[in-house]
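Protein chains: 6
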Amino acid sequence: MNLSANEKAEILIEALPYIKEFYGRLVVIKYGGAAMADCHLKKKVMQDIVLMKYVGMNPVVVHGGGPKINQMLERLNIETSFINGLRVTDRETMEIVEMVLGGTVNKEIVTGIHEAGGKAIGISGKDAGLIRAVPVEPGGRMGFTGEVEVINPEIIYTVIKRGYIPVIAPIGIDADYQSYNINADSVAAAIAIAMEADKLVLLTDVPGLLRDPEDSSSLISVLRCSDIPGYVEQGIISGGMVPKVRCCQQAVQEGVKRTHIIDGRDPHSILLEIFTDEGVGTMVVDE
Amino acid sequence: MNLSANEKAEILIEALPYIKEFYGRLVVIKYGGAAMADCHLKKKVMQDIVLMKYVGMNPVVVHGGGPKINQMLERLNIETSFINGLRVTDRETMEIVEMVLGGTVNKEIVTGIHEAGGKAIGISGKDAGLIRAVPVEPGGRMGFTGEVEVINPEIIYTVIKRGYIPVIAPIGIDADYQSYNINADSVAAAIAIAMEADKLVLLTDVPGLLRDPEDSSSLISVLRCSDIPGYVEQGIISGGMVPKVRCCQQAVQEGVKRTHIIDGRDPHSILLEIFTDEGVGTMVVDE
Amino acid sequence: MNLSANEKAEILIEALPYIKEFYGRLVVIKYGGAAMADCHLKKKVMQDIVLMKYVGMNPVVVHGGGPKINQMLERLNIETSFINGLRVTDRETMEIVEMVLGGTVNKEIVTGIHEAGGKAIGISGKDAGLIRAVPVEPGGRMGFTGEVEVINPEIIYTVIKRGYIPVIAPIGIDADYQSYNINADSVAAAIAIAMEADKLVLLTDVPGLLRDPEDSSSLISVLRCSDIPGYVEQGIISGGMVPKVRCCQQAVQEGVKRTHIIDGRDPHSILLEIFTDEGVGTMVVDE
Amino acid sequence: MNLSANEKAEILIEALPYIKEFYGRLVVIKYGGAAMADCHLKKKVMQDIVLMKYVGMNPVVVHGGGPKINQMLERLNIETSFINGLRVTDRETMEIVEMVLGGTVNKEIVTGIHEAGGKAIGISGKDAGLIRAVPVEPGGRMGFTGEVEVINPEIIYTVIKRGYIPVIAPIGIDADYQSYNINADSVAAAIAIAMEADKLVLLTDVPGLLRDPEDSSSLISVLRCSDIPGYVEQGIISGGMVPKVRCCQQAVQEGVKRTHIIDGRDPHSILLEIFTDEGVGTMVVDE
Amino acid sequence: MNLSANEKAEILIEALPYIKEFYGRLVVIKYGGAAMADCHLKKKVMQDIVLMKYVGMNPVVVHGGGPKINQMLERLNIETSFINGLRVTDRETMEIVEMVLGGTVNKEIVTGIHEAGGKAIGISGKDAGLIRAVPVEPGGRMGFTGEVEVINPEIIYTVIKRGYIPVIAPIGIDADYQSYNINADSVAAAIAIAMEADKLVLLTDVPGLLRDPEDSSSLISVLRCSDIPGYVEQGIISGGMVPKVRCCQQAVQEGVKRTHIIDGRDPHSILLEIFTDEGVGTMVVDE
Amino acid sequence: MNLSANEKAEILIEALPYIKEFYGRLVVIKYGGAAMADCHLKKKVMQDIVLMKYVGMNPVVVHGGGPKINQMLERLNIETSFINGLRVTDRETMEIVEMVLGGTVNKEIVTGIHEAGGKAIGISGKDAGLIRAVPVEPGGRMGFTGEVEVINPEIIYTVIKRGYIPVIAPIGIDADYQSYNINADSVAAAIAIAMEADKLVLLTDVPGLLRDPEDSSSLISVLRCSDIPGYVEQGIISGGMVPKVRCCQQAVQEGVKRTHIIDGRDPHSILLEIFTDEGVGTMVVDE
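Residue numbers (this note's numbering), protein chains in the order written: chain D, 1 to 287; chain H, 1 to 287; chain P, 1 to 287; chain Z, 1 to 287; chain G, 1 to 287; chain C, 1 to 287.
Treat the hints as calculated values from the structure; they're not laboratory data.
Predicted model only: the values in this text are computed from it and were never measured.
Among these hints, one or two may not hold up.
Note that the list lumps identical chains together, so a pair holds whenever it fits in one copy or between two copies.
What the hints assert, rightly or not - List time: in silico DSS-like cross-link candidates among lysine-lysine, alpha-carbon distance up to 30 Å:
1. Lys161 / Lys20
2. Lys257 / Lys68
3. Lys257 / Lys43
4. Lys43 / Lys20
5. Lys161 / Lys43
Required output: the full structure, derived from the provided sequences and hints.
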């Protein structure tokens with residue numbers, strides 16, 4: 001790609017209508033999967049997020065961290081199990097989850113944003129009363145696996161307004177100050193809803209929703225909420241895609257303007273979603 | 001230039017360090033010459049300026065308008081003459097100058113910025129007491145050809161802060177409320193000095209200062225103030241380039257950080273000056 | 001009028017209740033006609049407006065400029081015609097209208113306000129997206145004679161708040177960035193409505209609405225909207241008075257508190273309207 | 001004085017340059033003497049002060065109240081005596097002084113300002129720590145007759161900014177929370193100094209400083225500080241005029257721009273001082 | 001009470017939940033009776049109020065002053081009479097009431113707050129148009145005994161926001177600028193209603209509402225509005241308690257969250273009401 | 001300790017002068033040792049800090065976490081060693097340090113503050129560029145054991161102003177985005193210096209500096225900086241006390257008003273230090 005300076009300038013100018021359109025908009029990004037594991041991809045995502053901030057958008061990052069948690073559990077010889085894609089979280093596991101998400105992953109992302117030229121602040125859902133949680137299965141097998149009860153986004157507004165990019169670890173806390181491990185997609189959706197975000201973007205390791213998972217050209221670009229039940233029945237939406245689609249559905253139905261499931265394995269997929277007319281991945285719309 | 005979306009994203013990301021560096025910076029641009037006469041070039045300049053605003057810079061535009069003034073004078077059969085490159089401005093001519101600059105050219109640029117997606121407001125130096133002028137030759141042949149006595153930039157700060165790009169017609173007014181026609185380069189320099197601008201950019205119809213005017217490869221990229229007298233003596237700086245260089249010299253010596261004489265005939269030359277390490281044209285530095 | 005200082009002080013004090021009543025009020029003034037053509041009258045109007053600003057009111061000036069436009073058209077040998085009191089505006093005429101209104105008339109008023117001791121800023125309806133226009137007769141004979149589609153008064157609030165008196169040229173722009181020539185009375189009314197002004201004052205060259213145009217003692221001081229149809233039928237409201245009355249009617253029916261048609265040929269008629277109980281001219285009320 | 005509305009408008013306009021000049025200025029007025037005792041004069045002073053506020057000045061009123069105090073002392077059969085024009089203030093007298101100044105006189109002035117159309121708030125020097133006092137003669141005969149130690153004008157700025165006219169009773173308080181009776185002229189001067197007032201005006205019952213007290217045409221319009229010692233020696237400045245002149249002298253020497261001793265028996269003398277070129281009374285200047 | 005420092009710290013910590021609960025709350029306190037007459041009690045009340053301010057509450061003090069008024073009336077040989085607990089106020093009496101309340105009592109409380117370490121400002125209902133009054137019996141025997149027509153709390157918000165404790169003398173003023181003497185309990189209630197206070201506290205010289213006035217153990221801790229008519233009929237609510245209960249009733253029914261009648265003879269009864277779960281005195285609730 | 005409500009109220013009032021004195025003050029607290037390990041003590045410290053916030057102080061908490069780090073290192077079979085009281089930190093150890101401090105300890109303290117009724121936000125020195133670090137021994141044995149190069153306290157001011165208590169993990173980052181483990185005492189001192197704190201409090205597990213470590217009655221209440229060299233020589237200041245004393249010394253010499261080494265094993269020692277005249281522990285003063 002050997003472009004002249006003039007050609008590069010033209011490309012910057014091509015971005016202008018998108019920059020204008022998204023100026024001042026709030027975009028909640030669930031960051032995880034390959035885009036987090038791969039050093040090179042991570043750098044690209046961080047650049048995308050910092051660019052968004054500089055051109056006037058307000059990105060909010062919510063991250064997962066499963067692989068790092070698994071590594072640490074393994075080093076400590078703690079067994080872990082999953083039910084319906086959610087980690088069974090006993091007290092010992094919860095401690096490790098919190099330690100890894102809040103102490104390691106969260107700060108790595110903050111530093112990545114600084115490396116890309118931005119300013120960030122890492123926040124756990126325990127900070128400033130951000131995420132109030134309840135157990136997904138009170139008294140049941142899932143232990144301290146929780147779900148969002150209520151979001152108090154005050155701290156996010158405060159830090160955004162001062163020019164920081166908030167980076168949020170999906171840890172919640174209940175009325176008795178017990179910590180909960182919460183799925184990052186659903187935290188991202190809950191924050192997007194609470195803040196009436198303009199966009200919710202879930203980074204995944206697939207190209208979006210595919211009619212035929214083997215055929216990446218079978219991408220469903222626009223998914224209507226009304227089609228979801230049928231697609232679930234037909235098995236087109238299945239496995240880990242079910243909760244992701246549900247998050248998007250809930251978000252658009254509760255006021256988030258746009259929701260997207262995109263492929264984090266593509267470099268700059270976030271920018272592409274925002275700066276191209278076609279977009280990338282699957283957009284879930286409330287129809 | 002058939003680039004993939006990914007390649008375009010990479011180019012946006014390449015701009016990030018420059019965007020970061022210039023965030024919040026004040027850039028005064030003298031806009032005129034071919035870049036104003038040519039419809040296509042004009043559109044590019046407008047896009048550049050709007051992009052600058054969206055990525056966090058504060059552009060201020062000062063414009064000339066000689067050709068349009070000449071046309072109108074001709075239509076009205078008013079003769080006009082120049083001494084040392086400055087128009088001799090009698091009362092009748094002054095009326096036409098003011099009418100054309102403030103009523104036609106200024107508003108065309110404002111509209112061009114709106115077309116490119118920005119918000120602008122046109123200001124004459126008579127508005128809000130912006131430009132106080134004195135005659136260049138009191139009682140002499142030059143009539144109402146003036147020079148800047150003092151700039152009151154209050155209105156510029158006000159409109160910048162509210163998100164507008166100020167577009168300034170180089171008309172001044174003296175203590176007796178008489179209008180003066182002032183050279184746009186020197187108005188741009190005076191405003192840059194008064195506002196302690198980070199950059200002053202003069203758009204011209206040459207590539208910059210050339211050692212050999214016939215040879216565009218003889219560009220002097222960096223011109224030290226200390227070399228100016230010698231270059232003038234040698235005739236390297238001559239004709240219309242003399243006052244332009246003097247404007248830049250005065251600006252850097254009175255606190256403007258960077259000053260540039262660039263080629264307005266190159267599309268996106270403003271962006272190139274800002275977004276490439278090499279820059280374009282001639283930078284005048286206080287050494 | 002040889003008054004002692006004490007007598008003058010008494011007169012200032014007499015103004016106190018009016019000053020108190022109008023403190024902080026927004027008054028939109030259509031300025032034109034004899035009050036603009038006559039140098040002496042012009043000075044008085046400027047003083048009135050500046051006084052209003054100093055005693056706490058917020059005047060907004062909208063100006064016409066027909067005679068100056070006609071002069072310039074004549075000098076350029078461009079013929080012009082009127083249909084129902086509106087100028088037929090072809091492209092060439094539009095250029096002249098814009099040039100004269102925005103470049104000459106507007107700046108003369110700004111300077112007049114400065115001479116009277118105030119601070120003003122001249123704005124065309126093209127600046128800051130102030131006046132969005134549509135043609136009065138799309139595709140028809142009237143050409144670029146337009147009417148207000150929507151007012152975006154943001155820039156007016158900004159400059160008022162900073163202590164400036166806004167002076168507005170009645171030029172509008174459509175979605176394709178085409179300029180339109182709009183009747184100044186209707187621009188004044190539209191701005192008064194958009195800003196929920198406390199008062200709209202139209203300066204004219206008659207004493208107000210007269211039952212008998214030959215008899216200035218037949219002034220109708222208060223005109224009820226409900227009486228307008230009858231008066232039009234009887235020919236009491238006729239000619240150029242029809243659109244003026246319509247502007248006032250629309251304004252009071254869309255939220256402007258008071259509307260007045262006053263005689264700009266009387267020195268200080270604006271002050272008299274505000275500072276005397278009887279007022280002057282014709283007040284149109286929504287009854 | 002049967003003036004037409006137009007003539008009255010002209011007089012308002014005559015005031016414009018003065019209004020402009022004094023816009024935003026702080027004027028401390030010592031109010032007392034005949035202007036307070038006479039109902040008609042009082043009304044005029046209140047109007048003057050309210051007009052000043054409406055046309056953009058910031059008047060601050062400091063009042064005396066000797067006659068009302070004397071009346072109450074008499075009704076209560078408390079004897080009172082004066083040394084060098086200052087009241088000897090024992091504990092019982094102090095209670096009455098404070099009660100009359102703070103409870104009666106102060107509130108009458110506040111109400112007078114409301115009647116004239118303004119908004120006022122009465123403050124004693126004890127409120128908000130405004131006036132810290134010390135005895136004029138510690139342990140001596142003068143008892144609780146005090147002088148200003150320090151002014152804390154914070155509360156005055158607060159109420160001025162919110163549109164109120166502060167009305168101040170000259171009561172001070174020492175470090176042990178003991179009240180002191182302070183001369184109102186010196187409180188006015190101390191407040192003017194502490195707030196760097198633009199003007200200090202002392203209302204008196206004489207036309208100003210007269211060379212010959214019997215001859216009101218012998219007014220000294222401008223009194224230079226350097227002439228004061230000589231005039232004192234010659235007896236031109238004598239009696240109650242000595243401390244008034246000293247207050248003015250101290251004020252101009254500590255940063256107050258203009259100080260005036262004017263005749264409160266003239267209706268509107270405050271306005272005249274401000275709105276005429278000649279001024280009234282004696283101006284003390286730092287020369 | 002010989003406590004170790006550690007024990008004292010524990011007691012501070014015990015207050016924490018109450019401090020948290022009342023943070024930012026507005027509490028209107030009617031201060032009068034024994035708590036005002038007794039020097040020692042007065043000091044405790046002042047400390048309570050200052051502590052409230054420092055721990056984040058916004059206390060507003062309304063005071064009576066009957067005994068001091070009586071003393072002064074007696075010294076001046078002015079007879080006074082009461083009808084239904086309200087003072088018959090002729091013009092002469094009104095002058096004394098205003099003088100004593102505004103000049104003496106009000107400033108004593110301001111000074112008491114300063115002695116206790118706070119910042120206060122004394123305000124009469126005449127200042128800043130705070131209390132508009134009407135006569136309780138227009139044209140009748142009660143003379144200038146008034147009741148609240150409307151409260152304009154603007155000045156209170158201003159001074160609270162700047163860190164001052166407002167201290168209010170219950171003087172009102174009618175549309176003709178006539179002063180009125182108003183019962184302090186009802187002024188306190190009216191201010192609490194106008195400001196939507198969180199709490200209204202009436203300091204009295206009884207333990208609260210007693211079933212048997214002879215038996216202080218018969219305190220009715222919670223009084224439901226629905227029980228008031230019955231209690232009045234039974235004579236349990238009688239005499240001076242009737243208007244106090246009525247004030248509380250009106251306040252809770254018009255939006256004040258909590259209202260209390262407490263015993264001002266107990267040192268620190270205000271703090272006890274706020275900082276203990278049981279509270280003290282009688283709480284009137286809207287049930 | 002069976003106190004009546006009245007006695008408790010008296011104790012609250014006793015605190016008033018201290019509350020007043022410390023209103024708005026910034027207090028940096030190094031929290032660690034027994035006060036962190038012991039559940040009961042921890043609760044008391046949290047209460048103290050929350051009380052400080054509610055009564056108007058601005059506490060900033062910096063925490064250590066050695067024991068928890070040691071536990072985790074042991075569970076992971078990572079050996080650790082100390083040189084001169086500082087942990088030798090290799091890359092693997094650094095990861096664990098960061099994870100435990102930022103993910104576990106920091107969030108426990110945040111939650112403790114919430115349990116005590118306050119609002120907190122946990123920040124690592126990596127967040128928002130708070131702590132720039134350099135290695136204590138570049139290229140040496142100490143590895144990623146760092147010291148503060150510069151503090152950027154912007155984020156702390158932001159969160160304090162919004163009512164949060166900042167809780168800071170002593171992790172720094174260098175220009176290459178490498179993390180460093182920094183001694184918490186020195187981070188607390190550096191932050192106190194950068195923010196010009198009014199007080200720096202180091203919680204320790206000793207009563208303060210003792211002349212005879214065996215005799216707790218030999219406490220040195222006030223330690224002059226000038227005496228430090230002699231005490232070090234005599235061995236009175238030795239072992240872990242040396243760096244603590246050095247931190248205090250540096251802090252007072254660089255503008256922190258008061259510094260204290262106090263006994264975290266005493267419940268409420270922080271409150272005692274602030275709310276008693278004698279204070280507790282050792283105060284280091286710049287003499």
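With 30 Å as the alpha-carbon cut-off, assign the pair Lys257 and Lys43 to within, between, both or neither. Only inside one copy: Lys257 and Lys43 sit 28 Å apart there, 32 Å across copies, limit 30 Å.
Reference check for the pair Lys257 and Lys68, CA-CA at most 30 Å: within, between, both, or neither? neither (32 Å within a copy, 45 Å between copies)
Check Lys161 against Lys20 for me: Cα-Cα at most 30 Å, and say if that holds within a copy, between copies, both or neither. The answer is both: 19 Å in one copy and 17 Å across copies each meet 30 Å.
Under a CA distance limit of 30 Å, which applies to Lys161 and Lys43: within one copy, between copies, both, or neither? within (25 Å within a copy, 33 Å between copies)
For the identical chains here, do Lys43 and Lys20 meet the 30 Å Cα criterion within one copy, between copies, both, or neither? both (25 Å within a copy, 17 Å between copies)
In this structure, only the earlier hint numbered 2 is contradicted, and the remaining ones agree with it.
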